[in-house]
Amino acid sequence: MSGLIACDTPELARLSRLMDARETLGTIFAQTRRRLAARHGEPALEPWAQGVLAMVEVNAGASALLGFGRASVELAGRLSPAALGETGLAAAALCREAGGRATTAALDGFVEIAPRLAGEGERAIWWRALLTLAQAAPECVEAVAAQARRLVLPGHVAEFEGFIAAGLKAAGRDRGRRRAFFALEDALALGLLARIGAGPGFAELEAGLTRVLAALWGTAPNLQPLPPAGGEAPRRVNIAGSVIRLPDVFPGVQGEAARRLYLAAALHAGAHLHVGNPRFPIRKFRPVQVALAGLIEDARVETLAMARYPGLRRLWAPFHVATPEDGPTLAALLARVARGLFDPAYEDPDALVGKAQALFAAAHERLDDPALSLGIGTRLANDIGQRRLRFDARGHVVEPAYRDDGLGLWDFSDIDPEVSDEIEMMVEAARIERREGEDGAPDEAPSREPAGRARPKAAAETGPVIASYPEWDAQAGIERPDWTSVRAMLPAPGDIRPLHRALEQAGPARARIARLVKAAKVGRASRLKRQAEGHDLDIDAAIEAVIARRAGETPDLRVFRSTALTQRDLAVLVLVDMSQSTRERLADGTSVLDVEKLAVAMLAEALAALGDAFALFAFASNGRDDVRVCEVKGFDVPYDMAATARLAGLTSGLSTRLGAGLRHVGAQIARVRSFRKLVLVLTDGEPSDIDVAAPDLVEDARRVVLQLRVQGIDTFGVTLDPGGVGSGPAIFGKANSMPVRRIEDLPLRLSDLYFRLARR
Amino acid sequence: MPSALSSISADPSANLAVDPSPDLAAFRIAVEPYYRPVGDEIAVFEAAWRHRLPVMLKGPTGCGKTRFVEHMAWRLGRPLITVAAHEDMTAADLAGRFLLAPEGTVWQDGPLTQAVRHGALCYLDEIVEARQDTTVVIHPLTDARRLLPLEKRNEQVRAHEDFQLVISYNPGYQSAVKDLKESTKQRFVAIAFDYPAPELEAEIVMREAGADLALARILVAIAACSRNLRGQGLDEGASTRMLIHAGRLASGGVSLEAAVEAAIVLPITDDADMRRALNAAISACLP
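Chains A and S are the protein sequences, given in the same order. Per the UniProt record's numbering, numbering through the first sequence is continuous, rising by one, with the last residue being 760. Per the UniProt record's numbering, numbering through the second sequence is continuous, rising by one, with the last residue being 287.
Keep in mind the hints are simulated off the structure, nothing from the lab. There may be inaccurate statements among the hints.
To be verified - Anything over 12 Å on all C-beta distances counts as not near chain S; from chain A, calculated: (1) L36; (2) E57; (3) A118; (4) R123; (5) G155; (6) K169; (7) A170; (8) A187; (9) G201; (10) V321; (11) P498; (12) G623; (13) L706; (14) V710; (15) K734.
As the list claims (entries may be wrong) - Below, simulated DSSO-like cross-link-like pairs (lysine-lysine); rule was C-alpha separation at most 30 Å, straight line: (16) S:K152 x S:K181; (17) S:K185 x S:K152; (18) S:K181 x S:K58; (19) S:K181 x A:K734; (20) S:K58 x S:K185; (21) A:K529 x S:K181; (22) A:K355 x A:K284; (23) S:K185 x A:K734; (24) A:K529 x S:K185; (25) A:K529 x S:K152.
For every residue, glycine included, the Cβ atom is placed at its ideal position computed from N, Cα and C.
Could you build all of it, start to finish, from the sequences and the hints given here?
This is how it looks when you write it as structure tokens:
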């Protein structure tokens with residue numbers, strides 16, 4: 001055979017010589033070469049031979065070489081010998097990092113997905129991503145290659161590379177986590193997998209959906225993402241109490257279709273919440289009954305919603321496409337029942353659909369009665385039982401896709417143990433974790449999955465001493481020098497999502513603050529009268545000038561009007577009290593500190609938008625030697641995600657030695673160059689500490705406030721003081737203290753105060 | 001639409017006339033302006049009128065405050081002088097000033113002084129827009145003194161017995177930056193206005209836009225949706241006035257979708273995301 005090789009294909013000749021020496025491998029390669037030669041001609045095989053040789057050189061091993069042989073044959077029609085050669089080179093590079101088994105798997109995966117890869121660029125992505133993975137985590141390459149079909153979708157090849165990068169970043173040096181991620185056993189991996197090839201998802205659409213639901217039903221809905229559970233992305237919306245939980249993405253639905261599906265799904269869930277039944281007790285209903293009652297209830301709430309908003313029919317109708325051709329399964333039949341109930345004009349050969357339509361139409365007069373869903377559902381379920389149609393509780397998925405999983409309709413607290421297994425199967429099928437021991441409080445929001453979230457790190461207990469300050473001893477009537485030590489507390493970054501959610505829910509207040517910002521930002525144009533030049537005549541001045549001339553006096557020639565923008569030159573420092581008393585909970589479960597954080601975050605947003613210099617500090621104390629001050633944001637750093645995270649990470653504890661805190665922040669703001677300086681103190685009560693009587697600390701704080709005023713720093717106290725008996729006025733002065741009676745009002749009051757102060 | 005109403009700025013001849021006719025004929029309203037009472041606002045206004053108490057009308061834009069004043073002026077048979085307050089308005093713009101004439105300086109009454117002298121209803125629209133010093137001018141007029149001091153003329157104008165002051169005030173704009181002083185607020189009898197109940201609003205839209213009941217109901221449902229978005233990205237929901245505009249467009253041959261888009265969605269927001277959400281809600285309202 002080697003005699004046939006002309007000397008213008010030296011690589012091919014070299015390959016032949018190598019292969020001739022190996023028995024099985026040689027035969028297979030000879031065959032492969034013949035088939036390629038028949039298609040492309042011998043001379044064109046040179047780059048291919050280079051690829052094979054590269055693999056041989058890295059000692060790829062028989063299985064990898066055979067894998068490349070298979071790939072060459074399979075892809076001969078699709079790829080040129082040059083492209084195959086590139087593949088061989090890439091496989092060789094991978095082999096060097098990850099070994100023969102991984103390379104074999106990668107080649108097999110490549111064959112599977114080759115039809116999805118458009119052009120050289122996309123093929124290179126596959127190999128490049130695997131090589132990146134091999135360099136960091138060689139043990140994971142095989143697992144990823146085995147999942148090629150799920151990870152590489154046509155048109156979304158680049159996202160594969162993103163997936164690999166995300167996995168490496170998420171797992172870090174944790175081998176176990178890395179292995180789980182790339183074997184697709186990790187929740188984060190599943191979440192990312194679901195996003196590959198899926199069009200706009202919950203994150204992109206949430207704001208819009210919130211608005212549409214608020215517009216139609218009058219109250220802002222509580223929308224949350226439904227995390228993947230049990231190894232798969234959720235496929236249907238879930239309603240839990242008043243919370244609508246939507247999947248992160250609807251797999252396989254993209255672009256405008258995804259928008260429509262989310263809208264249809266959210267409005268369907270909204271109809272449940274606003275015209276539906278609170279919850280049916282599950283008692284001893286069988287799964288098929290539960291499914292059918294849910295189906296009727298869906299139709300009932302949709303009919304009621306469409307009576308109010310007729311346009312909803314246009315939104316939902318395109319999803320009802322079930323026909324008898326879909327197959328003889330019960331699931332297909334149920335989809336047709338859903339269609340029949342939605343569209344009374346739909347006719348179906350199956351009597352069950354007709355019966356459902358007739359029963360539902362007969363109940364037209366009492367659509368407001370949720371009991372009819374149970375009644376009709378039970379009758380239809382009995383029919384299904386008599387026809388011996390098997391209901392697959394585990395595999396049941398509500399159709400059409402926009403409808404919720406139906407479990408929000410049921411109250412599981414009084415479940416009959418005899419049927420609980422079957423129901424649980426169904427529940428499991430819908431992939432919702434049942435919350436044991438829940439007392440059925442309808443408004444309790446499900447706790448969110450902690451997947452992918454860094455656990456807040458505990459702050460260092462005591463930091464270095466950064467300053468010492470004197471303190472006023474009211475008993476002795478002297479100021480004791482260097483009495484208190486301030487320690488820097490490194491703020492631990494916290495989870496900013498609860499804070500963001502609170503901000504989102506404070507929509508109206510934020511809109512109001514945004515208006516204030518807009519008004520303040522432009523700067524109020526102040527009008528200057530009696531100017532030597534200007535754009536307009538100052539009529540009053542002009543008339544006086546004429547009068548003066550006629551009277552023989554010297555007229556004032558400044559007869560123009562002009563306008564000037566008032567310049568803002570203002571620095572503000574917000575000092576937040578995070579002592580133990582801020583741990584108190586309000587009626588809705590948020591703590592006082594949470595409200596303080598929200599208030600500060602809203603003000604910070606406004607200040608950042610205004611461009612005013614500002615800083616955020618928090619303080620607590622544990623005796624005079626341990627006054628902890630936490631710099632959330634300094635004057636010279638921007639208010640960014642890191643600052644927000646530090647704000648979110650503040651935790652309650654210890655006491656309130658206000659005077660020391662004030663002295664420290666007073667020293668900070670004193671260094672800033674600005675015409676006006678404001679310190680806003682946000683505290684929830686009385687100064688106190690473990691080693692001194694509270695009245696003394698009030699005296700001390702009062703003294704600091706007066707000292708700061710001498711330095712041109714205005715101090716204002718916003719005190720959370722529901723009883724109106726606090727010592728805020730005693731410390732800050734009556735005009736400079738603002739007791740907030742309702743703690744919930746704090747965010748708005750704080751910002752209002754700022755804008756009021758900033759104008760003066 | 002009755003158009004007997006003329007505002008000061010719209011009628012320069014009235015502005016410059018050195019001595020307008022004492023009966024203020026140009027300011028009288030001849031034809032009844034349509035007004036559909038929602039509650040007891042007419043009775044409250046008439047009671048306030050009997051005692052010449054100053055009245056403050058509070059409510060969102062386009063809910064019928066101005067129309068109500070016109071209607072009351074017609075009902076009481078008094079001329080109505082309307083002043084639209086603006087940021088640059090000074091006390092002199094309201095009270096009057098000396099002007100130059102060939103023979104020397106001439107005093108020109110401002111709209112407020114005219115109303116005070118000759119006994120008209122004076123309606124200060126969106127009073128918060130004016131500078132705060134302007135609002136102080138009205139203080140002596142709105143308590144037991146009922147007089148307007150003109151310090152430049154060294155004159156105290158005692159109010160005509162038929163003079164009454166009405167101001168409007170939109171709490172939607174209320175903010176720390178622009179708000180009435182407490183001392184101003186507390187001088188007024190206030191009447192709160194809001195968008196009428198759906199059935200009533202549909203009736204008003206029908207009457208004013210010449211629309212049929214079905215169309216009016218759809219428009220009212222759309223307005224309800226937009227008002228639900230107040231604070232969710234919209235500063236104000238669609239006003240009754242907007243609905244009337246949309247209704248006129250739609251009954252004038254424009255398709256309902258286009259009319260709603262042109263008269264409600266586009267004016268109300270510049271934010272593309274908000275527009276998309278609003279359109280989705282409107283689409284649900286359309287048959």
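Exercise. Is it correct that the beta-carbon of G623 of chain A has no partner in chain S closer than or equal to 12 Å?
Worked result: Per Cβ check, G623 of chain A is outside 12 Å of chain S; nearest 40 Å; holds.
For this session: Quickly compare the C-alpha distance for K185 of chain S and K152 of chain S to 30 Å and report which way the hint goes.
Result: Answer holds: K185 of chain S to K152 of chain S is near 27 Å, not above 30 Å.
Exercise. Do the alpha carbons of K181 of chain S and K58 of chain S lie within 30 Å of each other, as the hint requires?
Worked result: 15 Å, holds
Exercise. Would you say L706 of chain A is clear of chain S, with no C-beta pair closer than or equal to 12 Å?
Worked result: Label holds. Min Cβ-Cβ 27 Å, cutoff 12 Å.
For this session: Please confirm whether R123 of chain A is truly not at the interface, meaning its C-beta sits more than 12 Å away from all C-beta atoms of chain S.
Result: 38 Å, holds
Problem set entry | Distance rule for K169 of chain A, whose beta carbon must clear each one in chain S by more than 12 Å | 30 Å, holds
Exercise. Is K181 of chain S within 30 Å of K734 of chain A, Cα to Cα?
Worked result: 20 Å, holds
For this session: Taking the shortest Cβ-to-Cβ distance between A187 of chain A and chain S, state whether it exceeds 12 Å.
Result: Consistent with the label, A187 of chain A stays out of reach of chain S, its closest Cβ about 30 Å off (over 12 Å).
Exercise. Is it true that the CA of K529 of chain A sits at most 30 Å from the CA of K185 of chain S?
Worked result: Holds - the C-alpha atoms of K185 of chain S and K529 of chain A are around 28 Å apart, at most 30 Å.
Problem set entry | No chain S beta carbon within 12 Å of L36 of chain A's | 54 Å, holds
Exercise. Is the nearest Cβ of chain S still more than 12 Å from the Cβ of V321 of chain A?
Worked result: For V321 of chain A, whose nearest Cβ neighbour in chain S is about 20 Å away, the distance exceeds 12 Å, so it holds.
For this session: Examine each Cβ of chain S, and state whether all of them lie more than 12 Å from the Cβ of G201 of chain A.
Result: 16 Å, holds
Checked against the numbered hints above, the structure breaks none of them.
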